[in-house]
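Novice: For the sequence shown, the numbering used here assigns the number 4 to the initial residue and increments by one for each residue that follows.
Hints may contain errors.
Said to hold, decoys possible - Pairs of lysine to any residue, SDA-like flavour, derived with a Cα cap of 25 Å:
hint	residue 1	residue 2
1	K187	Q176
2	K118	K187
3	K118	R134
4	K97	L74
5	K186	R134
6	K146	E121
7	K146	T69
8	K118	K186
9	K146	W181
10	K97	E83
11	K146	G54
12	K118	E168
13	K118	W181
14	K97	G54
Just so you know, the hints here were simulated from the structure itself, not pulled from any lab data.
Quick caveat: nothing in here was measured; it's all calculated off a predicted structure.
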Amino acid sequence: LLHRGLTGRTDVHRHRDHDLGRCFGERLDRFLLSSFLVFGGVDAAIHAAAGPELAAACAALAPCPTGEVRLTPGFRLPAEYIIHTAGPIWRDGKHGEPALLAACYRNALLLCEEKGIETVDFPSLSTGVFRYPVSLAATVAEKAIADHLRAHALPRRVRMVCHREETAAIYRQTYNLWYAEEKKDRL
Numbered sequence: 004l005l006h007r008g009l010t011g012r013t014d015v016h017r018h019r020d021h022d023l024g025r026c027f028g029e030r031l032d033r034f035l036l037s038s039f040l041v042f043g044g045v046d047a048a049i050h051a052a053a054g055p056e057l058a059a060a061c062a063a064l065a066p067c068p069t070g071e072v073r074l075t076p077g078f079r080l081p082a083e084y085i086i087h088t089a090g091p092i093w094r095d096g097k098h099g100e101p102a103l104l105a106a107c108y109r110n111a112l113l114l115c116e117e118k119g120i121e122t123v124d125f126p127s128l129s130t131g132v133f134r135y136p137v138s139l140a141a142t143v144a145e146k147a148i149a150d151h152l153r154a155h156a157l158p159r160r161v162r163m164v165c166h167r168e169e170t171a172a173i174y175r176q177t178y179n180l181w182y183a184e185e186k187k188d189r190l
């Protein structure tokens with residue numbers, strides 16, 4: 004089946020500003036993805052929650068080209084590690100943005116497999132200050148995640164953690180339209 008192996012392995016969640024540290028990295032076996040550089044929004048919240056050690060760790064791993072990933076400790080977050088990536092800046096969709104965004108997710112998921120990471124939380128990459136349209140980003144993200152989960156055992160669970168309910172609704176709608184095999188599988 005096209006969607007074999009996805010049910011129960013994906014979820015979309017909305018976090019509230021005041022519980023970001025709990026939402027990302029709820030357990031020690033949970034890992035999260037953050038942009039490599041701090042531009043505000045979720046990235047700033049992750050860096051603030053993790054503490055100043057995170058900025059120093061990122062500086063030591065720089066540069067991180069678009070689509071690649073880096074791994075740092077979670078520092079003050081309850082997550083053991085943070086997976087960082089540099090998402091693409093949206094121009095017009097004709098400059099390789101979809102392929103670069105997909106590479107962010109694919110490379111993060113491959114790193115999860117390599118490191119034995121069982122659970123990962125993703126924000127909606129590039130849809131803030133980088134202005135990637137959320138509906139297009141959701142399609143790229145959900146496809147990259149679904150393709151990986153169909154072919155790999157790890158991570159066992161992937162969760163999209165969105166800042167706004169509108170963003171979470173678009174990710175749910177995208178998943179339900181393309182990947183929910185049956186009504187009971189819808190998010």
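Novice: Under the constraints set out in the numbered hints, which ones does this structure not fulfil?
Specialist: Failing hints, ascending: 2, 3, 4, 5, 8, 10, 11, 12, 13 and 14.
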